[in-house]
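Using the sequences provided together with the hints, build the complete structure.
Sequential numbering of the sequence shown, starting at 126, is according to the numbering used here.
Everything labelled a hint here was simulated from the structure, so no lab data went into it.
Just to be clear, a hint being listed does not mean it is correct.
When the alpha-carbon atoms are kept at most 20 angstroms apart in a straight line, the in silico DMTMM-like pairs for lysine to aspartate or glutamate are as follows [stated by the list, open to error]: (1) 1083 with 1073; (2) 791 with 775; (3) 349 with 380; (4) 1053 with 1114; (5) 1053 with 1015; (6) 546 with 619; (7) 1335 with 1315; (8) 536 with 526; (9) 618 with 799; (10) 503 with 864; (11) 366 with 424; (12) 1040 with 313.
Pair ranges (Cβ atoms, derived) [to be verified]: (13) 659 with 680: 27 to 35 angstroms; (14) 662 with 257: 49 to 57 angstroms; (15) 884 with 849: 18 to 26 angstroms.
Each residue gets a CB set at the ideal place from its N, CA and C atoms; glycine is no exception.
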Amino acid sequence: MEVYTRRVYNSVRDLITLYLVTDDNTNGWKQAPETILISSLCQLIDEESKYRNVNLFLRFVAPLGKLIYKHPDFNLALSFVKGAISQKSFHDIDLFVSAATLISNFVQDDANASIFASTLLNRALKLHPTFMKRYFIHLRIKEMEIRSTQGSKKKGTLEMKTILQKLENKQQKLKHLHKLFWKELMNEIVSESKLISINQQIELITVECEVLFSTLMINFGSDKSAIRAYAQFLENFLFQKESAAELFNEACLIEEEESKKSGRTMKKKVEREDLFDEELDADSFGGSSDVIPSSQKKEILFRSALLSREDHKPVYVSFLLFVALCISMLIVGLVINITFSNEISSKVFLVNQACTMNSVSHLIASGIRSLQSTIKYKGINDTGLMVSFKAHKDRLIVLQDKAKTVQQLSKSVGIFTTEMKHDFTTDSVSLRMPIISKNPTLEYELQNTSLSETTKLLITNIDTLLGSTIQQYNMTRDSYVFLFFWLNREPLKDAYEKFCINFIDRNQIVAMERRMIYIILAVCINAIMLLTSAIFLVAINIHLRNTFKVVRLFKHIDKDQVGAIFHHLDTSTKDNIQKIDSTNFTPMRMILLSILALMLCYFLSSSLIMTEFFLNLDDSYISMLNVAEATRVLMHSQVVNFGLDELVFDQNMTPGENELYFLSNKVYLAHSIDSWNNLIYGANFNNYRSILSEGMDSVIPKKNCSATDYSCLGLDQLLDLLSSQADQMNNQAYHRLYDPLTLFERFMQFYNASKIMAYKLYAFIDAYVALHQTPSRTLTGIFASFGFITLLVLTYFTNNQFQKYWSQIQQLRTLMCYVSWETLDNSDQLREYALHFQFVSKKTSSKKGRFGRLLSLISPVSDNDDEQAFAQVKAVLDSTVEGSIICNIDGSIKFFSKAAQEMFGYRPSEVVGTKISALFSKKQVIEKIEATIERMKKATSNFGETFEKLKARRKNGKSFPVRANFCVSVIDGDNEKTKKLIISCFLKDITNELKHAILIDQEKAKSEALLLNILPLPVANRLKAGEKNIYENIKDVTCLFSDIVGFTSMSSKLEPHQVVEMLNIIVNQFDLLCERLALEKIKTIGDAYFLAGGLHNKETDHPEKVLLFACGQFSILYNYNVKRNANLNIRVGIHTGSVTAGVLGSSKFSYDLWGDTVNTASRMESTGIGGRIQISRQTYERVYDLYEFEPREVEVKGKGLQTTYLLSQKYHQNPDPQAEAFNANKLLGFELAEVNQEENTNLSKYHLSVEPSEYDVSEAEDEERKE
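Have a look at this one:
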């Protein structure tokens, strides 16, 4: 790599050295004086693509510039850069960057080095570099700017320059937007939405500029450039002229102080740049020219009023109150929800306590009976007996605690409702109170008591059992306690089961009452919120419509004043107007959407909180039913347990009692299984919701257990096992399949499993109740939090949108500062809004007629009350076909109709406010129109002028002819002060009219040519003059008849079209020859050709010309025969004499000749010889000295024997195609061959000679073709 780089370095150095010469006086290099050397070097580098090598050379040389004494190679590189790189032939981006880096970093003693380097970098940017290269070039430019500011006292100059550049760009956009705003107002149909969109963009950029200027003034408040820039912004866009003047003075003082310190004289003051080049006074807008003494004060008053901000506190306070109402109503709904949900869900625990009492009697009875069975079969001294006895007493304590809990709850305040207490204390239980006697039959008495007393008896008897010994447990008929539980196991079960059902029903009634109360409260709260929201939305919408009201106020400004403002802005802003990007997310819409979102957020949150309340109610009720169903599983299983114990223990039961227990066990076992399946798989009462789906699957595990201890089994598995064992035990005990001891041992295994199952069920019920006695708070917590947070966020967002909206309203007021104070003062609507922020209704005036009000609108002093009348007349003018233009007194356009827009291609915004003379192209036309307007300014009465064929100019620069009618109307002209002048112009494009005139002239020429083709010129002129009977006697005329020999027999052998084609060719050439010899063709009759010479001219050589025509006929016929291999021949007869000529008929008229001369000429042809020309004696006397003739005698009908003459054959062609060709050109005096080339010429050949039209529309036709 080192070898390669050195090789490249040396090759480039040697190459540059060849084209540069050294200066012996200095140890440096200078550019060779010969330009050709530099050009050759550039050409060589370009041809051999050595840009990369040169770039590497410049990079290697750059570090040599840091040496105190510049290295010769460095000077060589500088010479190359100054000479060669500056050539336009170089176009390598990397080379420009390297050269700029070399110049800017290592040439410190040249003040122009940075400028030259910047130029090179800008040239690199123009070569369209890639994104990364463009980025690095901009970095180099920024580095150069930073380096140029180092060492200066103003370390932040670069930052200030950047901010000022941003501000300049934004202010240019503001100028464009201001111009767009007023341009839109010039349209006939003003788009309010577009104006609002433009104003929104103006407000946005204005706020950005204010923020940037605030930062600029904080950091660079003492810099005169920053102060002047801020002053211009205040004056041009915020219209704060006083503040701007103070800042301008401050900048001037700073500049003076700097000048004094530096000892320099201060340069000329920088004049402030106003957006208007001249002040827009009332006269420039066509307003009143009266000078008001307090005009300056009024101008300041209106401007100060427009720049003051409107007080929006009522709207803002109402918005905050609305938000507070939403939050408070949401809190109220949340509190009601939590209160009622806790109340209802807490009832699940009470149901658990109430319903688990239904299995207590069987649990106690079966426990006592199992101990008695153990004593019976194992003896009282059995080692396991005392263990079972102690476990039994522990279970009794648990059951007693449940009874005490129920009793305690019944006495607590607010736990049981009145109906529940009634159910608990009413005598609804029929107990069997045992009677201890020696009678072998059990005796008892029935006693009606309440469930409350029954619970007390239950607690008392359990106390007795807890104090009993094992021996006392073995007493059956002598034990009151045992007999109490044994006799009342079913009544206690039924009583507590009924109480459980009633307890659930009572709680459901309470839940429905709470549901109804909650619904009523929610409906009331939401109705209040809905009504409040609707009222607030309507009020806000009315407030937001103020934007459209303000925009409509701009329509009250006269179009001429709007046009003047626009053209002044257009003059000060030279750039083209850029298209503005419109958006649908305006503050007005965002405010309405935000308020709707607030309402939606409230209603959504409250609705979902209410939904969870209803779900909690339903869940609580289903939980109560599930608890009751679970207690029935326990109750039924204990009934089966007790029944099996009886079957095993009492071997002396009667068959009926035995069967009763057997069947009862089957029924209750099925009930137990059904109840458990309802819990596991779901049923109708719990909407088929399994308890396993509610988080209870962990309470009912299924394990693979091989031990004999049933405690390791899951509850579901344990119930399945017990149900199968219970069914087996029931059959075995009923049918006595085993001995009593075996049955007892089997039963004890079942009993132990049953005890485990019972307390697992208790644990399951307690776990289920613990899970459902607390209402769900998930949705409530989520949507309450969502509601509060969203309400606060939307409140903040809506507040920002309100501020933006009010800022945009203020921006519209600021734009009114462009309007003169006279206009604001003359309009009630504008004045009231500008001064008092009030919108007043439009008042119509009845003092003037409608047309009078219209005219006042377009006069120098406009009356805004007549806008409607003016709009109606404009609508009428817009519907006219001709272009209509209404001008002010100075000739500036005020109204431009739709027809005029289509005619010229301009939109109203492009011409309103401009001079009407600008619509015309020629200088003479413009001067003529301006002179007319000057005369109309001085008019004292109505008058008008019409100009024909003025040359107007379209928008695309093309000219077209128009007819212009200028008129001036004088309205209310009692005196000069009240006189109002209206200048109107109606234009009609006459391009089509001129085209039609030319077409008419052309058609007229064609008609005349056709007439001349039928009639001689003198006759045609007489016919056009209107003469009816046209005839004349001509003394000297030569007539000729020619006829094709044997035509009839020949034509019968040909097709009709062949005959017509043949005659057409021959006769057409005869016509051309006739025209060439200035003879007059009369007509053709079949194959006969009739012409005459000497009709309407005084020439006497017509016999000679007719004779020449006859000779030419033979040449024509000869040429035809030769070309078509035909054998046609003709006879020709000629006679000279007097004739009568005239026009016959009025339809399809024709010119004809009569007289003996015509008859004689016809006889000369009929008695002639084929291929010869026969003339009469009269004709012979006129031409005998010119040609040779052969006399002959012929019999002429009606004449007798006559002497005729045949022209010698040497003077004409023999038509036989085999004959020798005759040169007829010498005889005729012209080339007959030219005539022969016209064989295919149409029969009707018109030679039109149209005189040039007086209308010149060639330019207009050219424009139409181009368009």
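Quick rundown of the hints versus the structure:
1. 1083 with 1073: holds (18 angstroms)
2. 791 with 775: Since the Cα atoms of residue 791 and residue 775 sit roughly 19 angstroms apart, the hinted pair holds (cutoff 20 angstroms).
3. 349 with 380: Distance ~7 angstroms between residue 349 and residue 380 Cα, so the pair holds.
4. 1053 with 1114: The hint holds at about 19 angstroms.
5. 1053 with 1015: holds (15 angstroms)
6. 546 with 619: This hinted pair holds, its Cα atoms lying about 18 angstroms apart.
7. 1335 with 1315: holds (12 angstroms)
8. 536 with 526: holds (15 angstroms)
9. 618 with 799: Holds - the C-alpha atoms of residue 799 and residue 618 are around 18 angstroms apart, at most 20 angstroms.
10. 503 with 864: holds (14 angstroms)
11. 366 with 424: The given pair, whose Cα atoms are some 12 angstroms apart, holds under the 20 angstroms limit.
12. 1040 with 313: holds (18 angstroms)
13. 659 with 680: 27 to 35 angstroms: Since the Cβ atoms of residue 659 and residue 680 sit about 32 angstroms apart, the hinted range of 27 to 35 angstroms holds.
14. 662 with 257: 49 to 57 angstroms: holds (54 angstroms)
15. 884 with 849: 18 to 26 angstroms: Since the Cβ atoms of residue 884 and residue 849 sit about 21 angstroms apart, the hinted range of 18 to 26 angstroms holds.
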